[in-house]
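Chains as they are written, first to last, in my numbering: chain A, 6 to 324; chain B, 435 to 552.
If you are wondering where the hints come from, they were derived from the structure by calculation, not from laboratory data.
There may be inaccurate statements among the hints.
[Claimed, not checked] Calculated Cβ distances over 10 Å to all of chain B for the following chain A residues:
| no. | residue |
| --- | --- |
| 1 | A50 |
| 2 | F52 |
| 3 | L185 |
| 4 | V233 |
[To be verified] Straight-line Cα separation of at most 20 Å, DMTMM-like style, residue types lysine to aspartate or glutamate; simulated pairs:
| no. | chain 1 | residue 1 | chain 2 | residue 2 |
| --- | --- | --- | --- | --- |
| 5 | B | K477 | B | E543 |
| 6 | A | K234 | B | D495 |
| 7 | B | K506 | B | D459 |
| 8 | B | K529 | A | D180 |
| 9 | A | K234 | B | D509 |
| 10 | A | K148 | A | D123 |
| 11 | A | K234 | B | D459 |
| 12 | A | K234 | B | E483 |
| 13 | B | K529 | A | D123 |
| 14 | B | K527 | A | D183 |
| 15 | B | K529 | A | E138 |
| 16 | B | K504 | B | E551 |
| 17 | B | K527 | A | D180 |
| 18 | A | K234 | B | D475 |
| 19 | A | K234 | A | D292 |
| 20 | B | K529 | B | D459 |
Glycine included, C-beta positions come from ideal geometry on N, C-alpha and C.
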Amino acid sequence: MFPVKFVPCPIDGTICRFVVRAGLAAALLAISQSHPVHAHGFAGARFFPATILTDDPFVADEMSLPTLTRLPDAPDGTRFSSLESDIAKRITPDFGLTWSDAYDYVQTPGLPKVTGLDTMTAGAQYQLFINGEHEAMGLAGLKVSWGHTGRVAALGQPDFTTLTPTFDWGKGFGDLPDSLNYLKPFAITGNLSVDFPTKVESAGTQHPNNFNYGFALEYPISYLESQVKDFGLRFPWQQMIPLVEFAAVTPFNRGSGPTLGSVQPGVIWAGQYFQIGAEMILPMNRDTGHGIGGIVQFHIYLDDSFPNSLGKPLAELFK
Amino acid sequence: MIRLFLALALLAVAAPAARAHAFLDHANPAVGSTVHGSPADVKLWFTQELEPAFSTVQVVDQNGAEIDKKDKAIDAGDPTLMKVSLPRLPPGKYKVMWHALSVDTHTTEGTFSFEVEP
Chain A
6 MFPVKFVPCP
16 IDGTICRFVV
26 RAGLAAALLA
36 ISQSHPVHAH
46 GFAGARFFPA
56 TILTDDPFVA
66 DEMSLPTLTR
76 LPDAPDGTRF
86 SSLESDIAKR
96 ITPDFGLTWS
106 DAYDYVQTPG
116 LPKVTGLDTM
126 TAGAQYQLFI
136 NGEHEAMGLA
146 GLKVSWGHTG
156 RVAALGQPDF
166 TTLTPTFDWG
176 KGFGDLPDSL
186 NYLKPFAITG
196 NLSVDFPTKV
206 ESAGTQHPNN
216 FNYGFALEYP
226 ISYLESQVKD
236 FGLRFPWQQM
246 IPLVEFAAVT
256 PFNRGSGPTL
266 GSVQPGVIWA
276 GQYFQIGAEM
286 ILPMNRDTGH
296 GIGGIVQFHI
306 YLDDSFPNSL
316 GKPLAELFK
Chain B
435 MIRLFLALAL
445 LAVAAPAARA
455 HAFLDHANPA
465 VGSTVHGSPA
475 DVKLWFTQEL
485 EPAFSTVQVV
495 DQNGAEIDKK
505 DKAIDAGDPT
515 LMKVSLPRLP
525 PGKYKVMWHA
535 LSVDTHTTEG
545 TFSFEVEP
């Protein structure tokens, strides 16, 4: 990330504004050299789709609208559904911002249903590396869940802000030896992050630090067909990506509770301009809930749909 | 919210002027195939139109030596088709390495093998 610092200008105001603008323009030009676009999830021959549960290991110009979720019933029988939207926007080819929010529907047995906004989350991401030969990539970021942006009293949304440094990674298996040809299409992406709440307690409830971890294992049919063996699968089968995702959260201090998490098998259909994904949600233990939930998502590739406007890094728009 | 979603979905689905990443749709010889007799050329069909100047294809033998005729071209009548001619190939395994730049400057790349039998 690029640290930004504003200091008083020691020269005449007009000249100062010119110097600052010229410096900004030069900086933008320097970090947005003209080069072929290589956006949303490519490392060499590997295309990483935007997974639904786990964060993606790449900066992107993409939007999920909507993501519809019906969680498995909570241990006390509470039913939770939501309609969510996410946007990721590159500022430079390697630096991007994210934003997400949701509208929740909660039905607890014996109580009236409650609806309202979830906590708004915003983040900044920097692409640490992309290795085409080994189909590998890494991304560091900071997510901020803003307190008081959701319905605190009715939905139990937090009245405090949480900072979450993240590390996301991806690895394709295309560099396996030819004797393992049919394993080459496999790829895995993963997340590691820690929550740092800015308030340790609200109304007698302690807020622990949480360790968040997860991964997505995927097998793109397009990779099999274009890199390994053409079985004659064409549209729409060639665009299918069967996958299974797993994510969990483990509190580790301040009266920490149990580990919660889910396993989500499903499929993503990745077209040229958008993808559609659907997964089952299976709770990993009784503390998480019971029964089966589901999630569907419509996801737009802004860089492919609007390559000369919305889909460009902002810094390149002003070149 | 629903109207916004519908508008964006329509824009994304019906964006005929937009170009996107060029994925390999199919090839001849086919990816991972075995052919009998030497093919005259390698043809690659992509999902998008290609930029001729910056799209490449090479065919190498098992030693990594380039054996194609280095006359790569984008088909004049079909801008999604890239091809390169081959000399008479002895039986063996060959690798095709391609790099595609779609007309809106999105890049993609890939490799695959095919085998020639007598």
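Could you tell me which of the numbered hints above are not met by this structure, giving the numbers in increasing order?
-> 1, 2, 4, 9, 12, 13, 16, 19
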